[in-house]
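Protein chains in written order, with this note's numbering: chain X, 82 to 323; chain W, 82 to 323; chain D, 82 to 323; chain E, 82 to 323; chain B, 82 to 323; chain S, 82 to 323.
Just so you know, not all the hints are guaranteed correct.
Unchecked claim - Distance condition first, Cα-Cα at most 25 Å in a straight line; then the derived PhoX-like pairs of lysine-lysine:
| # | chain 1 | residue 1 | chain 2 | residue 2 |
| --- | --- | --- | --- | --- |
| 1 | S | 323 | S | 100 |
| 2 | S | 262 | B | 262 |
| 3 | B | 87 | B | 100 |
| 4 | D | 262 | E | 100 |
| 5 | B | 100 | S | 323 |
| 6 | D | 100 | E | 262 |
| 7 | D | 262 | E | 87 |
| 8 | W | 87 | X | 262 |
| 9 | S | 87 | B | 87 |
| 10 | S | 100 | S | 87 |
| 11 | W | 100 | W | 323 |
| 12 | X | 100 | X | 262 |
| 13 | X | 100 | W | 262 |
| 14 | E | 262 | E | 100 |
| 15 | B | 87 | S | 262 |
| 16 | B | 262 | S | 323 |
| 17 | B | 100 | B | 323 |
| 18 | D | 323 | D | 100 |
| 19 | W | 100 | W | 87 |
| 20 | W | 262 | X | 262 |
| 21 | E | 100 | E | 87 |
No wet-lab data here; the hints were simulated from the structure.
Protein chains: 6
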Amino acid sequence: MTVEAKYLSRDAFAERIAKFPAVILPLGATEQHGYHLPLGVDIILAEALATRIAEATGATVMPAMPFGYSWVWRDAPGSVTVEARTLEDVICQTAESLARHGVRHVFLVNGHEANSATMKYAARRLWDHPDIKVWRLFYPNLTAVMAEHCESPNWHGIVHACEFETSLMLAVAPNLVDMEKAVREYPDRDRGYFQGGRPMGELSRSGVFGDATLATAAKGEAMLEIFTQSMADAVREVCAGK
Amino acid sequence: MTVEAKYLSRDAFAERIAKFPAVILPLGATEQHGYHLPLGVDIILAEALATRIAEATGATVMPAMPFGYSWVWRDAPGSVTVEARTLEDVICQTAESLARHGVRHVFLVNGHEANSATMKYAARRLWDHPDIKVWRLFYPNLTAVMAEHCESPNWHGIVHACEFETSLMLAVAPNLVDMEKAVREYPDRDRGYFQGGRPMGELSRSGVFGDATLATAAKGEAMLEIFTQSMADAVREVCAGK
Amino acid sequence: MTVEAKYLSRDAFAERIAKFPAVILPLGATEQHGYHLPLGVDIILAEALATRIAEATGATVMPAMPFGYSWVWRDAPGSVTVEARTLEDVICQTAESLARHGVRHVFLVNGHEANSATMKYAARRLWDHPDIKVWRLFYPNLTAVMAEHCESPNWHGIVHACEFETSLMLAVAPNLVDMEKAVREYPDRDRGYFQGGRPMGELSRSGVFGDATLATAAKGEAMLEIFTQSMADAVREVCAGK
Amino acid sequence: MTVEAKYLSRDAFAERIAKFPAVILPLGATEQHGYHLPLGVDIILAEALATRIAEATGATVMPAMPFGYSWVWRDAPGSVTVEARTLEDVICQTAESLARHGVRHVFLVNGHEANSATMKYAARRLWDHPDIKVWRLFYPNLTAVMAEHCESPNWHGIVHACEFETSLMLAVAPNLVDMEKAVREYPDRDRGYFQGGRPMGELSRSGVFGDATLATAAKGEAMLEIFTQSMADAVREVCAGK
Amino acid sequence: MTVEAKYLSRDAFAERIAKFPAVILPLGATEQHGYHLPLGVDIILAEALATRIAEATGATVMPAMPFGYSWVWRDAPGSVTVEARTLEDVICQTAESLARHGVRHVFLVNGHEANSATMKYAARRLWDHPDIKVWRLFYPNLTAVMAEHCESPNWHGIVHACEFETSLMLAVAPNLVDMEKAVREYPDRDRGYFQGGRPMGELSRSGVFGDATLATAAKGEAMLEIFTQSMADAVREVCAGK
Amino acid sequence: MTVEAKYLSRDAFAERIAKFPAVILPLGATEQHGYHLPLGVDIILAEALATRIAEATGATVMPAMPFGYSWVWRDAPGSVTVEARTLEDVICQTAESLARHGVRHVFLVNGHEANSATMKYAARRLWDHPDIKVWRLFYPNLTAVMAEHCESPNWHGIVHACEFETSLMLAVAPNLVDMEKAVREYPDRDRGYFQGGRPMGELSRSGVFGDATLATAAKGEAMLEIFTQSMADAVREVCAGK
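Can you build the whole structure from these sequences, using the hints too?
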């Protein structure tokens, strides 16, 4: 049976929640990911992870919010940005809606780092809600996992269209990756971006930060399995009240 | 080639827009649709129409905003509602993002009537924007089309989980329809709903308004074709400056 | 004795509410209504209806909010528009104020169709209020009433400065109607208005949609009586808990 | 001919503005005014002054915004309060609407002191508007005028339902004043009100602050003439660019 | 021991509050004060008064909010203005934070008249809070105190960089006053400022309103003592439940 | 001469800005910092750094905004939290004010990590401003600096009341540090905090995360010098247009 709320009737949804009162809300972005990856990378990965976690735990997957806070890519074709406070409102109103139906935990499975502060604010805004809690999941132990599975360094702690994301995409949706167009680019560290408000789009020509050419499906699958297990554990433990 | 921005690289997106500077943003809701239909009906139908229109015109389809203004179903399992002003912000911020990339028209293809006022406000809010316009498409000539293709009357002008929506779903995603659970329900006209603020969920036991049992895929396909043609004409004429 | 709160002392107001705990808040707009009608049509009609309903039921009439959501007439002299969310706030804050004084129901008697979505949002926003409910009244059964009493068709479901509104004005305030300037205008159906955000002011030269020349006071009075009775019934039934 | 926009057609409005590009927007409140005065005092007086000023100058009177910031009377029957920021939005949106029609000055003629800060914020918010300015008129030289025409002192600088307001009402609408119920009340100075947030309603039993029994129509008429002349001068001088 | 929360550990803060559950939040502005006074006058004076009051009563002083509503000085170098509603939010969120720690009263000690309406709105917004109240202190009996201690008249009720403020500064921080640059300026009364939205900066060349040359430390100290005593009494009486 | 705007006259401020068109706005928080440190640590350190940087570069120091986003300490005595969006508004309105006076760069020198996302949003919100830019400075190269100068590890990347902050305080304001009360506490890693919305106050008994007992003034001074030099370089390079 499907784990996706989109394909469930209200009664089938209610039954799943009665058994396991948690949903996953995939978050990400619609934004440029270089020459070789599609605009939907952050959502596609979040949805893939959400499905695996749901299958492992019994949680139900809500439709993904496809737009995130992507201000830094505002001039790259196809990139959509919503304001951080709008995204926060969407998350909170979704959780408040579901709180009326017996859902006790909303797990945000996120594929886009720039959503993180918003997720944190949302989780805190609802922390005192009598019925529901919001949890934030973004590639747990990312640094360690990459250190073990990726060959190229990331660019100042940022993962974007690089060996990491490309490998995950090769594992999840290889038909959407055009490795012939994958490149390696490590832009200069830029004060405007790190200490001012300069958009990322002015830094990298290709839209890649790192070395996408080293990506493989095997690396991606290995990392996905680690993330899935870690996140599934989180879901199970939270729901078990640990 | 795909018409969906989610699966396009930034360059492929830019190429499509250079040829035809219009996108479609599917809108709908995640909300109850009776015993026999899934929560995602309004999005599934909007996505299906969007794809057909895009294939007919050259427009590009953005990822759907899966949550709409569904206050009336707040107590039905799986129904998510965002506030009208939040939805308006998501629409406007999406359009403003795309205006920077050469997109000149955003067509909202909507599967959920309760989003209509919000769509109107969004279209007006951006009407003076120098680069982009927002257009609103919701089942054109609905009354006439239903009069010709449906056997059962609608319930006070409302289409929800009825012969109409069920037929469309049978045409688009028959595997998601469980006709054995389809029912007929015409609740009493209710002053609280029509003149007050009473949620729809208190009116209908089944969540159906009308007679879903009469739905067929043939009716659905016939109506879809009419809508597709009408909306595709709108897209072409607007983009041609007519 | 007057039914208008504006002319009542606090004690007289309290006495009326103790007997019948409902108020009417007239809504409308200050906006162009052609060559032959004054800017205040929508408010004048709402006030006239409110007074009749109050006299029939015992409800008390609050001062009218004279400005509505009139974006579509933004370029017509004398037309004032407030944002939909501002109007919603005025309605809700008024109702919340009155809830502290024993008022249990606020009936919005509206003379301007474009306020309808806002009224709906306001009614829902306060639906869970422990003490007060908001009800929405806008020319009940309008289509049927016009079909019986008006000779000319309306323009795509819209009533504005036409036979209908002009007849009502002739019944209520004939000195404010200049029938010599009444005209007939049926603009072409316009995609920009119905599917985009184009202001109405760009469609009609005269500001009339329909045939104002056919208006008579007799038609107006007949329709006013029907509306009054229907709305007065609504007020009585709601207050009786039906 | 009427000076009230409510009763003018769009063309008549446009003609008046072409001759004299100023409107008056009456502000006030719907709130308790003791046993002897109606809830609408602040609006009735603002409307009366607005009419006199308009007749003297050629300005046009907009419909009054009948609700003001009346938080302090929240527990007195019939008193309505809107939030200060909502009132500010109504004022600014009204002015912005009229700026499109050739109106160059909006004069706020106010009958309710608690609106003053909001009027100031609105005037400043639009001070850089290219086309329109907002002006604030509230009983000019109030202290001096009262000193000359009233016998009883006011209560700590506040005028409410006292000799002053009652005299004005006797001049403007004597039928709405019940002098048999007029009282004298000078509540103790209250720290909660002046230095905290205590509502006024907890201070005065009668709702009167001062001595209403000394009011006469002659005093009221004398003061009205002074105010009218002073405000009309302001309107003329502002419009003359002085 | 210090009275300033900034220098107290959490335990020391808690002990002080356990003994005397009130804090003082100094408010003011960073804005021009003529040739002879520094930008921080309004904060420096508020902090000085706060310290004296705290020492006299046992209240604890919070760090000052250094920015106020200073729109009128927007073009004078170094003047910072925050919107009135932003300042209101800062005050209310500060009070709500402290309500969780046993604080029962927040006394706003203000050095900048233009903050007054905001302080009033904040005090009212929290008046129903179950745990905390906000109180507003701005130079009590200012008119009488100045009449007794200052030689020069104020300018239409306004104190700014004049004999009054300069004297207080000479008492509190003489090293920050350059009396050689003190001037006397009484600008013409200006309709734009008093009845419109004109910034104060367009009225006075020097930024002084009044006669700063007459200021002395002795006058300042005398007035400070009066204010301190009056405000300390207010603090004590409020906390004693009088 | 002082570098603090608070103590400068408007003319002195203008002169400094004419020479060097940059200001520093210190940010931080008023929140618990264990048994041994005062509530003002984050502001005291930001102010100290701001002064050193200003003296080194010619920039001018604005008064500190003393309240930050401190939700996680909401239950610790004396901790004040403002909402992230309120803080963002204060920053942006301050920058917009100063843009009118020739200031071209606002450097946020921050002592409280939880303000970081807000600073980023503010810098981006104003990035297109024609006259001013906002820059974000928070302990540059923190990880490397600590690795070299501190003996104890930080707690999961967080610095709070630990060897690091205590050393800085010992260098800046030793009289405000009570080393006898300094403790070592490394709470268990907590899922509620890192993946949910649990306040930090529920994790650590002492309010310390790390080992404050190892702090020394020498370590603090060494690190301050590094930070000062790095930040002063940033200020100089930005103002030089590099």
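The hints, checked one at a time:
1. 323(S) - 100(S): Holds - the C-alpha atoms of residue 100(S) and residue 323(S) are around 18 Å apart, at most 25 Å.
2. 262(S) - 262(B): 50 Å, violated
3. 87(B) - 100(B): Holds, because 18 Å separates the two Cα atoms, which is no more than 25 Å.
4. 262(D) - 100(E): 22 Å, holds
5. 100(B) - 323(S): Violated, at roughly 55 Å.
6. 100(D) - 262(E): Status holds; Cα separation ~22 Å.
7. 262(D) - 87(E): Satisfied, since the Cα-Cα distance of roughly 18 Å is no more than 25 Å.
8. 87(W) - 262(X): 18 Å, holds
9. 87(S) - 87(B): 18 Å, holds
10. 100(S) - 87(S): Status holds; Cα separation ~18 Å.
11. 100(W) - 323(W): 18 Å, holds
12. 100(X) - 262(X): The hint is violated at about 46 Å.
13. 100(X) - 262(W): 22 Å, holds
14. 262(E) - 100(E): With Cα atoms ~46 Å apart, residue 262(E) and residue 100(E) exceed 25 Å; violated.
15. 87(B) - 262(S): 18 Å, holds
16. 262(B) - 323(S): 40 Å, violated
17. 100(B) - 323(B): Distance of about 18 Å is within 25 Å: holds.
18. 323(D) - 100(D): 18 Å, holds
19. 100(W) - 87(W): Distance of about 18 Å is within 25 Å: holds.
20. 262(W) - 262(X): 50 Å, violated
21. 100(E) - 87(E): Judged against 25 Å, a Cα distance of about 18 Å means the pair holds.
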